[in-house]
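Under the numbering used here, residues 2 to 110 are what the sequence shown spells out, in order.
Possibly wrong hints are sitting among the right ones.
Ranges between beta-carbon positions, derived for each pair [stated by the list, open to error]:
#, residue 1, residue 2, range
1, M12, V98, 17 to 25 Å
2, A90, M2, 17 to 25 Å
3, Q97, E7, 33 to 41 Å
4, L13, G108, 34 to 42 Å
5, G108, E7, 38 to 46 Å
6, R105, R8, 32 to 40 Å
7, D18, Q82, 24 to 32 Å
8, G66, G11, 22 to 30 Å
9, M12, R101, 16 to 24 Å
10, M12, R44, 15 to 23 Å
11, T41, R70, 13 to 21 Å
12, Q91, D71, 32 to 40 Å
13, Q91, R69, 18 to 26 Å
14, G66, Q97, 29 to 37 Å
Think of the hints as simulated: they come from the structure by calculation, not from any bench.
Please read these numbers as outputs of a predicted model, since none were measured by experiment.
We put the beta carbon where it would ideally sit given N, CA and C, even for glycine.
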Amino acid sequence: MDPMIERLRGMLAKGQDNPMLRYTLGKACAEAGNHDEAATHLRAALAFDANYSVAWKWLGKALLGLGRRDEARQAWLDGLQAAQARGDAQVVKELQVFLRRLEREAGQA
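Can you build the whole structure from these sequences, using the hints too?
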């Protein structure tokens with residue numbers, strides 16, 4: 002098991018809970034291919050701060066990893082709105098690319 006994931010889980014088990022911890026754990030889980038756990042932690046990060054645009058980005062990735070394309074699309078749309086409101090230009094660009102890619106893939110199916 003990934004030592005960073007275990008360390009982050011340990012922090013959470015000790016009662017530490019905040020948006021950064023949840024985001025970091027969710028992102029690490031997504032990168033490790035554990036999309037279900039990733040989605041849980043990323044949703045928890047967003048419960049703390051619904052404008053956490055990068056958490057929306059990774060939630061969409063986790064949902065896509067679970068084969069839940071419509072939910073991934075909605076997460077990216079919500080993230081796009083949050084990123085635009087916060088002025089997160091890089092996240093806006095990334096989410097626009099992800100959304101265009103989904104549209105292209107849907108058109109090919």
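Q: Just pull the numbers of the violated hints for me, sorted ascending.
A: As far as the earlier hints go, 1, 2, 9, 12, 14 are violated by this structure, in ascending order.
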